[in-house]
Amino acid sequence: MKELLIVEHLKKTFKLSKKQQKLEQNKIKVKTAVDDLSFKAYQGEIYGLLGPNGAGKTTTLRILSTLIKPDSGDAFIDGISVVDNPTEIRKNIGFLTSELKLEDFFTPNYLFDYFASLHNVEPEVILERKNKLFQKFGIEEFKEVKVSDLSTGMKQKVSLVISIAHDPKIVIFDEPTNGLDIITAKTVTDFLVELRDLGKTIILSTHIFSLVEKLCDRVGIIINGKMILDDTLSNITKNDSIENVFFKLYEEQGGVLI
Amino acid sequence: MRNMITIIKKELRRFFTDKRMLMSLILPGLMIFVMYSFMGDIMSSTLSVDEDYTYQVVIYNLPDELPNNAYFSILYDDDVEIQPIGDRDDKQIRDLITNKELDLLIVFEENFFNKVSNYDSSSGLPAPTIEVFYNSTKNESTTLFSTLNLVINEYEGSLINKLDLNPPKIDPNGNLGYPYDLSSDESKSIQFIVMLIPFLLITFLYTGAMSISIESIAGEKERGTIATLLSTPVKRSEIAIGKIVALSTVSLVSAGSSFIGLMLSIPKLTQSSELSLDFYGIETYLLLLIVLISTILVFVVLISIVSAFSKSTKEASSFASIFMIVNMLIGITSLTGNVNTNTAAYFIPIYNSVQSISSILSLDFNALNFIITILVNFTIVSIGVFVLSKMFDNEKIMFNK
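Sequence order for the protein chains is S and Y. Note that the first sequence covers residues 12 to 269 in my numbering. Note that the second sequence covers residues 102 to 502 in my numbering.
Hints listed in this document are in silico derivations from the structure and should not be mistaken for laboratory results. Take the hints with a grain of salt, since some may be wrong.
Computed, partial: chain S to chain Y, Cβ under 10 Å [said to hold, decoys possible]:
id : residue
1  : Thr24
2  : Phe25
3  : Leu27
4  : Lys80
5  : Ser83
6  : Phe87
7  : Ile100
8  : Ser170
9  : Ser174
Computed list of lysine to aspartate or glutamate pairs in EDC-like fashion (alpha-carbon distance at most 20 Å, straight line) [what the hints assert, rightly or not]:
id : chain 1 : residue 1 : chain 2 : residue 2
10 : Y       : Lys491    : S       : Glu224
11 : Y       : Lys120    : S       : Asp160
12 : S       : Lys112    : Y       : Glu323
13 : S       : Lys157    : Y       : Glu496
14 : Y       : Lys120    : S       : Asp115
15 : S       : Lys22     : Y       : Glu496
16 : Y       : Lys497    : S       : Asp251
17 : S       : Lys154    : Y       : Glu316
18 : S       : Lys157    : Y       : Glu112
19 : Y       : Lys110    : S       : Glu114
20 : S       : Lys26     : Y       : Glu316
21 : S       : Lys22     : S       : Asp115
22 : Y       : Lys336    : S       : Glu133
23 : Y       : Lys336    : S       : Glu151
For glycine and all other residues, C-beta sits at the position ideal for the given N, C-alpha and C.
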């Protein structure tokens, strides 16, 4: 299989404000969010970054989607560096996070066209792709409804569809089922499987074990910004459940379970 | 370029197809028209006296010579009624003025005209007096008092009569007037416009740009929609230029609406039928439009940078309000009605726009100062676009929640 994503020794630190230091209850001025992180993802697989809150999952995905730059290290998508050529990377990725929101005033129809044109997709291709995706996700009948009037689940579906309007090679999803009802969550997970079957590479972050077991081909466990374990799901769960493996590693890293 | 146009179209669509947004653009102009017209009407009704009104006057020691004295003829006009004192005492009459039932009480010294004609100013004795009691809170009382005051001063001047400065003259229609101010109606109108319009225009431009730009940039940051845009392959400079062009267009419409509202309300505000704008040709409006466009671009760039730097719309509004005060202080410089002719002054941003607008409206156009203003403004806009592009690429600024 082709190595579509190669992450090499990523490191990212953030300066903490006095307010943040108070919240963290320490006087450390710099926090290391991602520490020497390396992994690979292959074409046509779902790679899951599993870790507790604050482990560095979102920061890693943000670096991969070029929203932020690493302090050191690099990542390559189909051979293109996220550090040296972010514009080219953006053409090849679809990025979705709970922080990415759609403007309330516009309709799904308009927003799909808007973002697809910003990715330089031809109008006839936009129309064809939009019809297909809107039908699949049940957006068709809501396509002229303003985003402000859509349900949370429908908003998530619209965001998801818009993030792949340009048919990217890699789809990066930060907590893809967060805040979704069980029906919408299933639609999203089914769609991710379909995308994989179409040969897309999917990188997702989550702290939900069942989602990892259901979707992922390969898993990276991140604790305190470090990659603790990076292997196929089948290898990781050969002798134990993913949940037990994770908590064993978590305790080994000094994590405390209350 | 294509992406820039897509962004411009989307921003314009947001403002021009949303009824609430559209109303917020047009409403200021409508409000200004209604408010200023209303203010003009109120001021007019407060200061003017009804045509059918009859002034009520009581005179103590009414001199026999008074009806024959031309200076005091106004007291014998049809709209003035001299009431007999009757059995009312002094306090009762004064109370009538206090209660706004009487307009004036005029007290002549006994044998007033005799004493005046015999009075020698070198004697050192006190001069004969006239006391006029009135009510400053009653418009009719104040109006008659002012006229009488003028008349008495003229009468006093005629007694000395060693010289007359600008004596009143009778025009061909038989009206008394003072035809010594040789300024034209046009220059009077221009003077008024130059004093008022540049300040208001600059204020309208800024307030229009402020609400729109903050909503578009800080609002997008706050709602998290800016990150969606930043994850596309569009160049940051294209996003910056696209937003600035669209926001400037919308701000210009907002300022235009306020400007039209203001211009339409000026005749009502000033209650003057002589105020006209006929002397402004198409070239005046074109030059004005160029200055306004360059100024609004400066404002939008400035507020966009402030908005991009801020964590929320609230914070952006606080920062932008500080600039608004500075902006208004600069705008106030136009209230003198004079245009600064010093070329160096046109290198100062915003001040140059105020002076250029004054210069254009006063029909005292200076091409060099105008060109400097435009060049300085566009230089600032270029630097601003560069800074904004860099800010869009800066994770600490864009994700500083």
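Violated hints, by number in ascending order, as checked against the structure: Structure breaks hints 1, 3, 5, 6, 10, 13, 16, 17, 20, 21 and 23.
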